[in-house]
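Hey, can you piece these two chains together into the complex? The hints should help.
Protein chains in written order, with this note's numbering: chain X, 131 to 515; chain A, 31 to 358.
Some clues are possibly wrong.
As the list claims (entries may be wrong) - Not everything, but these chain A residues come out facing chain X in the computed CB check (under 7 Å):
#1 Leu59
#2 Thr179
#3 Leu183
#4 Gly288
#5 Ile300
#6 Leu314
#7 Leu315
Bear in mind the hints are in silico, worked out from the structure with no lab data behind them. Note that beta-carbon positions come from the ideal geometry of N, C-alpha and C, so glycine has one too.
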Amino acid sequence: MATEATQGRLLLESGEFARAADVAEKIYTASQSRLVIMRLLRHRLAIVGMVVLILFYMTAILAPFLAPNDPYRYFDEYLYATPQLPRFRDDEVSSWRPFYYALERKRDPQTLKMTYQYNTAQRLYVLFFARGFPYKLFGVIPTDIHLISGQEGAPLFLFGTDALGRDLFARNIYATRISLTVGLVGVALTFVLGCTLGGLSGYYGGTVDMVIQRIIEFLMSIPMLPLWMALSAALPREWSQLQIYFAITIILAIAGWTGLARVVRGKLISLRNSDYVTAAVLSGVTDGKIILRHLLPGFASYLIVHVTLAIPGMILGETALSYLGLGLQPPSISWGVLLSDAQNVKSIAVYPWIMLPGLFVIAVVLAFNFLGDGLRDAADPYKED
Amino acid sequence: MTQYIARRLTFMVVSLFAISFVAFVIIELPPGDYLTLYINQLTIRGERVDEARIESLKAEYGYGQPFMVRYYKWISGIVLRGDFGRSLQWREPVSVLIMRRLPVTVLISTMTIIFTYLVAIPIGIYSATHQYSITDYIVMMFGFIGLATPSFLLAMFLMYYLYTQFGVPPGGLFSDQYRDAAWSLGKVIDLGKHLIVPIMVTGMAGTAGGIRGLRATLLDELWMDYVETARVKGLSETRLVLKYPVRVALNPMFSTVGHVLPAIVSGATIVDVVLNLPTVGPLLLGSLRSQDMYLAGSLVFILTFLTLVGVFISDIVLVIADPRIRYE
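Next up, chain A with everything else stripped away, as it sits in the complex (with noise of 0.2 Å):
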């Protein structure tokens, strides 16, 4: 157990050390360099630059020094003092802007694995337990569609639906009178009406392929000697699917948590820009278009630890309530 737990910790750090390698290579990648335009910026804003100044930022960002060094300087600023750098689009700290808009990222990426799960479960033992039947058909097709959907184009179609049956555009986390209100039950039933449409459609491919490969691993199991003996002793076969063969089916749903988290972060980054939520999505898209790197690049590095984590933690979960993992 120590040593699984130790094994995916060393994973863990190793992988975030090379995202944040790659995060540096991206700041870096682009035509000219971030203290040039920042003293342009400055200047143009009419403030007096002197040479002092200068000299303490290009200290400070490591200017004209190797590559390898600007990148201490930068990784070190992160890890010690949780100094990502400034954004030249917005004027401010990145640590402040990416704060201000993490909750509700973690809030929505959270609730739509619970969703999943709590949808796919369900359907998925349903549809295998009433093979070829309608209902059935139904959910393989919808399956099928789901998969094939990229999330952002069932915003799209979502978003024209509700707008022109409602009239109002979606998007936002509350309503009007919410906005500024202070935190009440009625802030919080608000702010989940507005979560329903972003978690079911960032959620809708995890789903699909949840309950496909649910209704795969159970039809499978549904016909072993184990289940037929149990059946042959009279057990009630709503309880004896649940108790066996269902257990069994969970199994490898579970354990891909590490696959549905990366794409439900990358659906949720695109799913957002559509549905304009005051998420790090649309956030991302702005520096990118900006070129904004500092703010790009320590956003990709946030998103990337953030799921690493998530990771970490369900492979803790796993082991502790599957022990047969560890010796995989």
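So here's chain X without its partners, still in its complex pose (with noise of 0.2 Å):
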């Protein structure tokens, strides 16, 4: 991607001054948030973790439309059926339409397991905007048209079923609504407790300052994990699953905003002596007006880095207490309570897709780390590279 200044040394190159001067120009006439945005346009693993996220996002949004099946329904015919990947060809047949093949049951004559084979002769084809289950698109606009669905008493289960015949396609899908918000909710809470503590810490000085950086050095001296999981253990069973989803982002936002508070203390602390804060005071602005409205822009973008940064975090806690069974509960859909089925090494071993989810989870982190990056390089266009 060729960017302004890399264009502009291009034509400096060839000779063509005067449009060399021009872009020049339009680089020094850049707003700030237009030199942030070009320099982040230059990250490839930003973009590549940015179309990442708004993908597994905007799946989040939709998720009712792209299921092709009720994510609580049970298809008690169909425990543990393997996945049934579409597909465009095969020995006889070659098709613009994918089609899959209709499972059939077999019971194992010596373990009486259940097992699930591909009929090959019977291809169906792949249903697009077909009629299923209803729900409300957006909340709002009730229907009931899926992106896909298989055919009349042939469910199609893209990544099979688990152990109770539910559609995990339908379930991954829907589990990226809290999964992917934990970290935002969450991440909102750090963000007002790291900016207000680490503010008082940073502007005021003097004995708040001991305490609050005594209080953050013991946060970060003590392993989470431990913790989180006694908290999330001890929250009262006859809560809702709301309550519970927003009891987990608060346990996992009081190791969270450590981090945060530091950067916002380090800042302030550079930037309280400066002549336009000594100015404000003496004008007889609050001290609250000052921190937010001329010191806390001063150092937006790097707050913006941080807490990109912080998200993966949130999202990694609630997945890891999920699965030991200690966060969200079913029928809470979460990527960590979908794979607290795959606890057992026996029954990842015969029905490895219910690990599925892990893989979504490295996905969206790897997805946040990308983007955070380009930002943090971004975040001050004037540096040189």
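Structure (structure tokens):
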């Protein structure tokens, strides 16, 4: 991707000085945010991360439309059904329309365990925009159209089914809703905590600073997972799904704010003695307003970087807790909840597709890290590289 | 020096006090109280529970008295008599249960820290001195993925791989023939073999982070004037790099032990659950699931206690190794 800066350099080298000057002026007069965006777009991995995240969040919004089956429905004839991958051709048929094979149940005569085999004689075409279970698009528009679905009487399970015969593709898609928002809600909390406590610490200094710094040091030097586990295990059993969800984000935020508070404090200490702050104090502006209006915007880009890099930690925390059975509980669906079925090595070995949510977790965390790294480089667009 | 150690020591003691308080809150959080459950359990087992026994139990646990009194009874029991209370689920004193599993837990965490540095340092140096080489790119890619993959998922994937390839469910510390055998060289080697997977899995994120950090600081250091000077004077490249910039670059790495150790303890807790090792991790999970709160609270307390002591020791070692840290 040729950005204005590289374009300018190329023009200079090829002797087109007039146009090079044009481009140079465009950079010179560009606003701060424009420069940040230009810099970010040059970071290829950050773009990849951003695209992946957009896709994931779109999935979360459009979950019911993308899911071929109701994620809560028990297909009791298909327990632990094998994933059916749609295909365009096999030995006999080649088609532009994707098709899948119907599943045939067989009971193993020795172990009496149910196994599923593809019936390669029975090719079924994948239906697009067909009618299925009813839902409300964006929570308002009632409809029953789904992007893909299987034929009547032969449901399509892209990722197979779980022990109770529920469609794992649909469940993985629905899981994005909780797994991806836990990070956002948690980070919003850490943001408030981190800015407030870091702000107090940096702006006032003295005893306040000392106490807050010791608290941060304390929180940073204790292993968080055992504490998280204990706190989430102590949540009242009778709480609703929503209450548990918010309680978990609060528990995760307890540890998350410390890093941000340190960033805020460091920046405030370096900025609080600058002339424009003194001017604001002399004009009688209140402390809170100085911090919020004059100091925080000065390093907002660093805050955004920090927040982006803090989200994956939250997602991993929720996944770990739910995996252990201490976080969100069924009927909530998150990747961690889905993974909690994958604790037994014997069932993983026979039904490896129950590990799939793990790959999505890794993909999302990687995407956030790539984007965060790109943002970090872009946060200071005047820095030479 | 003495002042620094005194300051760290004070911080550790205050932290311990804070975490003991948190641990006691955890013990008291679930609805229903320990004593009622304990008496129920005794009755179910058919033991006669007379009034005098109930009264003495009530006095022992400070039943019906204010929170601070109960807390004092609990903490003084630990400090003065090493008494952590009783586990309802296991019907044993908590201290006995913990001591049975603690040595292995400490062993794994210590080995993991050593592993992290043994692997991260050479790779980090190589990666920085061979910047933009294919190896460097591979290492950076590993760094990214290593940091993004939660250790328990890696443990799960590895377990799947090992099980489907070799057909043995991983887990445990010893092979069958050594389980009840006396300690011998063979048993130690067997233990080592079983520990490789948990140590690698638990240490992965720390290793990846260490490599990235070392590489970044070393890259800044490699083109400093003092390095150029030594190079111009004809010092061999290997000696030059190892003698000066690497030593500078290692400092920030060692001074982050305080952050690496808590992460390793956290990671080991869940990895050991996945790999089914007899450490305190699975014990903690089990106690939380069955609301065995004296055990759970004590485990949180002990794990944090050990981490704080570990961080304290590393602080002292650091200040001896690098006197500049004192002034930070």
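Hints, verified against the model:
1. Leu59: Result: holds, 4 Å to nearest chain X Cβ.
2. Thr179: holds, 5 Å
3. Leu183: At about 4 Å, which falls below the 7 Å cut-off, the nearest Cβ of chain X leaves the hint on A:Leu183 intact, so it holds.
4. Gly288: Hint on A:Gly288: holds, closest Cβ of chain X at ~6 Å, below 7 Å.
5. Ile300: With a minimum Cβ separation of about 6 Å from chain X (threshold 7 Å), the hint on A:Ile300 holds.
6. Leu314: holds, 6 Å
7. Leu315: holds, 6 Å
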